[in-house]
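There are 2 protein chains.
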Amino acid sequence: MKLWLATIIVTTTLTLGQQVQGSELKMDNDLAYNLVESLTVEVGPRLAGSEADARAVAWAEQKFKQLGYDKVWSEPFTMQYWERGNASLRVEAPFNQALVLTALGGSVGTPFDGITSQVAMFDNLQQLQQADPVDVKDKIVFINQTLHKDIRGSFYSQVVGARAQGAVEAAKLGAKAIIIRSVGTSNNRFAHTGIMRYADDVARIPAAAISVPDAIQLSKMLAIHPETRLSLHMKNNLPGEVTSHNVIAEITGSKRPDEIVLIGAHIDSWDEGTGALDDGAGVGLVMATAALLKQQKPERTIRVVLFGNEEGGLIGARAYAARHAAELQNHVFASESDFGAGRIWRFDTGFGEQALAFAADIQQDLKHLGIAAGTNTASGGPDVSVLKALGVPVASLQQDGTDYFDFHHTPNDTLDKIDPAALQQNLQAWMLMTGKIANSSVDLRK
Amino acid sequence: MKLWLATIIVTTTLTLGQQVQGSELKMDNDLAYNLVESLTVEVGPRLAGSEADARAVAWAEQKFKQLGYDKVWSEPFTMQYWERGNASLRVEAPFNQALVLTALGGSVGTPFDGITSQVAMFDNLQQLQQADPVDVKDKIVFINQTLHKDIRGSFYSQVVGARAQGAVEAAKLGAKAIIIRSVGTSNNRFAHTGIMRYADDVARIPAAAISVPDAIQLSKMLAIHPETRLSLHMKNNLPGEVTSHNVIAEITGSKRPDEIVLIGAHIDSWDEGTGALDDGAGVGLVMATAALLKQQKPERTIRVVLFGNEEGGLIGARAYAARHAAELQNHVFASESDFGAGRIWRFDTGFGEQALAFAADIQQDLKHLGIAAGTNTASGGPDVSVLKALGVPVASLQQDGTDYFDFHHTPNDTLDKIDPAALQQNLQAWMLMTGKIANSSVDLRK
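Taken in sequence, the protein lines are chains A and B. Note that this note's numbering has the first sequence beginning at 27, numbered continuously upward. Note that this note's numbering has the second sequence beginning at 27, numbered continuously upward.
Please note: incorrect hints may appear among the correct ones.
Same chains, same label: a pair holds when it works inside one copy or across any pair of copies.
[Claimed, not checked] Pairs of lysine-lysine residues, derived as BS3-like cross-links and limited to a Cα-Cα distance of at most 27 Å, are as follows:
id, residue 1, residue 2
1, K246, K91
2, K97, K198
3, K175, K462
4, K462, K414
5, K97, K261
6, K246, K52
7, K393, K323
8, K91, K320
9, K261, K320
10, K175, K261
11, K91, K281
12, K414, K261
13, K163, K175
14, K261, K323
15, K281, K462
16, K281, K163
Since the hints were made in silico from the structure, they are not lab data.
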C-alpha cells in the first residue's frame, strides 16, 4: 500500500500562490479534506437557488481555477425555489409539550392559525394507503416507520416513500397534514428533511418530519391517550422560479480530448447542516481527483461536474443531460461520489460485457485499498443515474454508509463527522479508477 | 447476584388499581423506569416556575399516592422566573450562515435589532479575565473551551465557570455579549444551556452557548478571517417572581418515625429536552426506592424529597432547608440521585468516624452490584449538599457519568438515552443503601 501510495499520489506540497478567503490548498493527500473544509466553513449550508448556492458556485469556480483546471465554466438552469420558514409542533393538553420537527422540502405551510387535530398513526405508507378514509379524514397523519442500518443504506429506499409520497396519499384520504418519523438511523433529537412531492389533482397538505425520539414519544402518548391532539404551525416560502448552476471544469485529455470521463458530485445541500457528508465530501473528492491527476497527463479529458439542485430531484443533472444531449456519445464514462465520507468497500460497474476484464483489472488495483469486487449493476450515483439512463457507462465506488443516515439531511451533517483518513482512502480510489479509465481506450458501453 | 435480587427486590407485580393518565405502575424492578417514562412522556420538559412545572408537581403527588406513600404534600417557595425566547446567531459576510445556539438560563435578551460585532475569542475564562479591555470592548466574547470526558464528570466544574461567570467578566471589559462553546462532550449539533449569573454592579449582557461543531466552525472562520462579524438576536422573558414547589412524601418509620432518612432528586428540568437523565431518572429512582421498601416496614421514616428549581441554583433545596431548619437535627441521613442513569460504580459517604464501619458494611452489600468503596468526602448530590452544609450526614451512589455530558442540558436529554438495565442496577443499590440505613440506629453524624 505504501508503494502504491508513492506512485499514485502527488505528494508535492505545492502551495498555490493565491490565497482565497484565507484558505490554502496544498496538492497533497489532504486536498479533498481541505476542499470540503473550505466549502463547509466558508460557504456553509447551500440550499439550491439560495444566495448561499450562488456563493458555492463562485467558490467552486474559483477553486477549480486555483487548482489548475484547463477549463472552468458554469451552466444555468431554472428551478422552483423553496425556502424553510418557522415550524413548530405542540402536543395539546394533557401532555402539553413541543416536539422537534422540520418541514419536508417543497411542503406548503399551514394556515396562519395552524392545524390542530387528532392523529392517525400508521406503521408505513402501505398501511396508510389501505386505510379507511373515516379514520384519516381531518386528522394529522403520522407515519412511524423505523429505518434500520446497513453498509449499503439499502433500507432507505424502502422507507423514504413515506416522505416523498406520504402527503399525496394522506390528502387523498382527507388528512389535514402529515408528519413522518425521520428517515434516519440515529436517536439524536434531530428531524430529517428531504424532498417531498405533490400531485396535480390532490390537495396540497403540509408535510414535516419529527425526530426519532419524538416519534417514540408521540407513539407512547397515543398508546396512553389515543385522542391526543397536535397543533402544527409551519411557514414555508415557495416564491417561484429561480436560476441555479452546474459548475463544470476539465483537465483536457492529452491524446483523445474529445472523449469525456465524467466524475461528479453535487454542489447544493440541505439548509440545516453544512452539507459536509452530503455532499461536500463528494465535491472535495472529485475536485481533488482530477487536479491531482493533471500531472499524469491523462489521455482522455476528465470533466468534473458539480451538479446543482440534486436535493430538489436531480434538477441540475437533468439540465446537464438536456444541454449535452448531442455530446453524450462522447461521454465514455461517468461516476458520482454522493454517499458521505465512509471508506470505499466495493467497486461496482455498469459496463458492457467486453469491458468486464478491464473492470476486473481496475478492481485488482483497488484491492490494495481493501475494496472488493462488486456487481455490474451500478447506478453511478444519483445525478449520474440520469446519464446512465441515456446510455453512458458508469461505475460506483461504494462507500460504507453504515452511519450515513445518522447525520444525512439533519443539522448534524457537519465537518467534524468526516474521518480524514477515510476520505484519503476515497481519494486514492477515485484517482486510481479515474486515472486508469482516462488512460484507457476500452469501450465501456453496453 | 440472582440470590441477592430475589431477597431484596419486591418482585410482586401488583398493579395499582387506579390507572392515571393511562400509565400503569407495577411494583417490580421496572418501577423506576416506568416512573421516568411516565414523567417524561406525560409531562415532558418542566422548567421551574412554568405551567409544566406545576403539572410535574401534580404528577408527583398523584404518583406518590398511587404508590402507597403514607404522607404526601408540597411546599411552596418563591423564585425568579426566566423563560427562553427565540434566539439566532448569524455569521455576516463573507461566510454568511447560521450557527446553532441556545440562551443560557437567566440571560437577558438583546435589543430588538440585535447585536452585531466582531468576536474576541478566548481559550477559557481565566484568559478572558486577563485580557486587555481594548481587545474586548464592544465585541462579542467567545470562550472556546473543550470539555473532556471521564466517569466522574470531573472536568465539568473546571469548564462551567465560563458559563456561570463569563457574562460578568466579559461585561467588565466592555463586551456587548458573550457566547461560549457548549459545556458538553458530544459533537452533536446541540447547544448546552444552564444557569448563568449577573453581578449587581456590572452591566447585564446577553449570554448564550453554541454547539461544539459550531464552536469548531467559528474558530476556523476566525482563523481565516479574524474580522468575522456575528449578529446575535435573542428574546428572553424575565417576568419576575413566581411560586414553585418541593414535593415531599414519606413512608412512616415503624419504630423510630421521628428519624428521617431523606432521599431526593429534582423535579424540574431544562426546557429543551424532556429531562430524562436530568433528573427524571433520579425522580423515578427515589420514588420507587421508598415505595418498594414499604413492605419491609423500615424502622426510620423514609422521606422522599423532589426538589424544585435545582437548575436555577438549588432554590428549592434552600427553601427546604429554611423551612425545616428546626427539624434538621432529625435528618439522620440524606442522599440525592442527580447524575443521569449510568450504572453505579462507587459508594461515597460523608459520615462521622464512628459510622465508617457501618459504611463499609453497606459497601459490602453493594459490592455484589459491582460497586466499589469510595471516599468519605461525598457531597450527597447538588440539592442535598445544602443539607450537608447544615450538618446532615450524606452519601453518594456515584453513577458512571462518562456519557452524561453528551446529553445533559440539551434537547437530546430524552427517555431513549436511558438504559433500563443500568437503571435497575441503580434501583437495587438505592434500595439496599436506603433500607440498610432506615433499619439501623447508627448515628452517622460527624
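Going down the list of hints, with the structure as the test:
Within a single copy, K246 and K91 get their C-alpha atoms only as close as 55 Å, which misses the 27 Å cut-off; across copies the closest is 23 Å, which meets it. For a Cα distance limit of 27 Å, the shortest separation of K97 from K198 qualifies neither inside one copy, at 50 Å, nor across copies, at 55 Å. In the homo-oligomer, the alpha carbons of K175 and K462 never lie at most 27 Å apart, since the shortest distance is 33 Å inside one protomer and 46 Å across protomers. Only within a single protomer do K462 and K414 lie at most 27 Å apart by alpha-carbon distance; the minimum there is 20 Å, versus 73 Å between protomers.
Proximity of K97 to K261 under the C-alpha cut-off of 27 Å is found in neither arrangement, the shortest distances being 42 Å within a copy and 50 Å between copies. Within a single copy, K246 and K52 get their C-alpha atoms only as close as 53 Å, which misses the 27 Å cut-off; across copies the closest is 17 Å, which meets it. Within a single copy, K393 and K323 get their C-alpha atoms as close as 24 Å, which meets the 27 Å cut-off; across copies the closest is 70 Å, which misses it. Proximity of K91 to K320 under the C-alpha cut-off of 27 Å is restricted to the intra-copy arrangement: shortest distance 13 Å within a copy versus 77 Å between copies.
When the C-alpha separation of K261 and K320 is checked against a cutoff of 27 Å, the pair qualifies neither within a copy, at 48 Å, nor between copies, at 54 Å. For the homomeric pair K175 and K261, neither the shortest alpha-carbon distance inside one copy (32 Å) nor that between copies (40 Å) is at most 27 Å. For the identical chains of this complex, K91 and K281 are intra-copy neighbours only, at 22 Å inside a copy versus 86 Å across copies, given an alpha-carbon limit of 27 Å. With identical chains, the CA atoms of K414 and K261 are never at most 27 Å apart, being 38 Å at best within one copy and 52 Å at best between copies.
With identical chains, the CA atoms of K163 and K175 are never at most 27 Å apart, being 34 Å at best within one copy and 50 Å at best between copies. Taking identical chains as interchangeable, the C-alpha atoms of K261 and K323 are never at most 27 Å apart, the minima being 52 Å within one chain and 59 Å between chains. For a Cα distance limit of 27 Å, the shortest separation of K281 from K462 inside one copy, 14 Å, qualifies, whereas the shortest one across copies, 87 Å, does not. For the homomeric pair K281 and K163, neither the shortest alpha-carbon distance inside one copy (66 Å) nor that between copies (62 Å) is at most 27 Å.
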